[in-house]
Amino acid sequence: MSPGRKPYPFDQIEPKWQKLWEEQRAFHAPNPGEPGFDPARPKYYVLDMFPYPSGAGLHVGHPEGYTATDIVARYKRFRGFNVLHPIGWDSFGLPAEQYAIKTGQHPEITTRENIARFKTQLKRIGFSYDWEREISTADPDFYRWTQWIFLQIYQSWFNPETGRAEPIATFEGNDPDSVRLAYVAEVAVNWCPELGTVLANEEVIDGRSEVGGFPVVRRPMRQWMLRITAYAERLIEELEQLDWPEGIKLLQRNWIGRSEGAEIDFQIVGSEKKLRVFTTRPDTLYGGTYLVLAPEHPLVDVIVPEEQRDEVRKYREQATRKSDLERAELTKEKTGVFSGAYAINPATGEKVPIWIADYVLSGYGTGAIGGVPAHDERDLEFARKYDLPIRVVVRPKDGGEPLGFFGEGIAVNSPAIEGLPTGEAKRKIIAWLEERGSGKRAINYKLRDWLFSRQRYWGEPFPIVWENGRHHSLSAESLPIVPPPLADYKPTGSGEPPLAKAKEWVRYSETATRELNTMPQWAGSCWYYLRFCDPRNGQRFVSEIAERYWMGSDSFPKKEIAASTDTETHISVGGVDLYVGGTEHAVLHLLYARFWHKVLFDLGYLTTSEPFQRLVNQGIILGEDGRKMSKRWGNVIDPLDVIADYGADAFRCYEMFMGPLEQMKPWSMTGVEGVARFLARVWRLTMDENQAGQWILSPTVQEIELTRAQLKIVHATIKKVTEDIENLSFNTAIAQMMIFVNAFTTSESVPVLALRTLLVLLNPFAPHLSSELWETLGERFPISPHGVTEQPWPEFAPEFLVEDEVEIVLQVNGKVRDHLVVPIGATEAELEKIALANERVRGFIAGKTVRKVITIPKKLVNVVAN
RNA sequence: GCCGAUGUGGCGAAAUGGCAGACGCAACGGACUUAAAAUCCGUUGGGCGUAACAGCCCGUGCCGGUUCGAGUCCGGCCAUCGGCACCA
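For what it's worth, the numbering used here labels the leading residue of the first sequence as 3, then goes sequentially.
Listed next, the in silico EDC-like pairs over lysine to aspartate or glutamate satisfying Cα-Cα at most 16 Å (straight line):
1) K121 / D640
2) K861 / E830
3) K8 / D643
4) K861 / E805
5) K860 / D806
6) K442 / E262
Taking CB as the label site, the calculated pair distances span:
7) T747 / G849: 43 to 53 Å
8) A502 / P32: 38 to 48 Å
9) E691 / S555: 51 to 61 Å
10) P487 / S273: 56 to 66 Å
11) R311 / E235: 40 to 50 Å
12) E546 / L22: 30 to 40 Å
13) Q107 / D40: 37 to 47 Å
Simulated from the structure, these hints should not be mistaken for lab results. Don't be surprised by glycine CBs; every beta carbon is placed ideally from N, CA and C.
Start from the sequences, fold in the hints, and give me the full structure.
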């Protein structure tokens, strides 16, 4: 198809309807208490992961998820829900700032321009967003509340007794700063010289920055941290109740990395001090022949005797010089140094050497381990290299080689637990250690506290000032804290934040100065979905009533309006009902947002403890060559180019027709043409071109009864499309509508009733085309109410699918041998009789004995013979 | 190495344990046209077979199992993609 000639005049009808929707505020969802709000309707909150407005503009990956949610939003409106379907901009953060630096313009300008471009593009696709709820995280009216939430986090602590966050006032200790959920700590951070900032663990991939791919090194710095580790247990546990892809749940569980085990104390020889190690295999304690400390372990300085000092110092320097990148690359070969000190194994009473090695991480557990070379792969490698003793204490149940056996088996050479299987041995040795006061049960997590400050300009300033070396929070009334207008906002490279350059701004009072760091990109996206509920509220981050309505579960009626199908409907227990976005946020945004949400929930601001009830990940769209879309391959598809040639409706439908939403799939321009052809057929089913070349309502459209066959296809389509939208199987819904259109294209006249049904079903997918055709039908077949979107969703009536006769399959030994039309009510006995009398069946069973006849009414008969 | 997802025509894909390949693309043939485009109709997994129909056999990554019957369920492998990766 040459794009020169439009398959139908989408270039006129699409802008027309987009303008109308805007003028009529067609998709505005009023809040409780506002004019037009209908409390009788249940709510449905369907959310996209909002984009960060990069300079590249929209690519075809964005609208894939957006189209899916738009179809659901439009469908749910038909179904009588109050639908909250908002969009906004994740406009603070590194990508926006990197783009500004690249183009030499202030991020405020580039951000504004990029948002404008994104907005134009999204509007051109015809999404039914409530644009009156548009928000931008870099807008002071928005980040004022981001800062406010930070204050709530800063002003609370996690009470281990209650398992919840509480106001800091309930903390009875004398140093509240030591327990705040937001705190300052001197930690070894991920410093990225190229970006001039520190990064969170989650933002570092293989020793490089996620943004830009620049090397990252370890470096001790004083930074703001959020105590996400306090929530580790709940972040794992409460995943359970969520309707999320199992893979994403697993990713989060693994990232949090819970392990059960024990902490065991080793008495240091010639010292009062004890050395505590963490292990998941306390049952192997008798095989512990040495200890290893991480090079950064605080006891290293204490225990190393004079004669070993030099060597240990050399090793530590060498270890800290290694970047994460190097550590990752030269993984295998282990290194270490003997500390010169010894400790007592509490099980054996033996003196074991203490080593220092960087295969032990300072940030996990206690930063020290007991080396059990016989039953741990890493310890074995280390022990072999440095010639340390190896003692077998577990044998495999199958009688295999015990040395180098890392699994669960039977304890041996371990008097206190001799002969016990691993699980029991663990329990018993822990009890044994607890009795002697030299150990206890313990749980550890891989998850570290969230490094929350950045040395960048384009982010939220902290509502914090420093005085005499101590931090204080600013009052909620003083918000927003607006960053100073800086001409030179580039990173300094030294680790000093760019805000330091604004000398006036920094000076808060005679004695106090402002915090110079800014918050990371994720801050805004941690709560933006809450702001959408009440985006213009100047008094509160979200009003109680709006939060309860849109995010809540039982305070308002939620009964699903009776679906005409028996499809399983997803039961919501509150929060966002459907959240669609890419997998790349599996452990970043989705973990951080859950954490903030739980803190706000604990403090009594929210009705649910989880933000996103149902999550769906859309798959990546590849280029036509099957490679990832990238400038480098020249295979990037611009949505606006596609829309110019085929229209927004064709673009939307193609994105949905490509294949299952969650699957990775390649783009195909000829595929777009196919879908455009389908829409053009819908157009010509309704419209005819007259002599003057104008489109008029086709005379073949008539007010006539549907034939039985037509009724069947209409109702089959209602059923299929309805069920498929509920299951997000949009590709098969479109396929069914194609079957519908193909069937009616060949008929001489088109019943207006059938056409109307199709237009409603098609509306969520191709809203412009269906609206236009509906309106045109009204010229000759007036109907009230007038608009397609005011119609009820068609009801599927099973009686139209029922037939008098049904075709059944005749099989012999599982192979199809014939087809037969029988009355619908044929009994099993009748079917069996018919089958055995069938000539072709008889041919295949001739000379054989019939052993069995399987009869499935309305389906098949299988004759088993040999 | 560990964890997860996915393997079906030339391509994107579809199939409550019951006719594998719906729907679309591409290709081929035909109608319309002076012609082309557009549109409409038809054919299209592979093989054997027939003058033509018919008919038969094989076929969902590989091997095995359960079942009257397996793309679908179970066990074991292989490949691709994604995540984690010295977490004791």
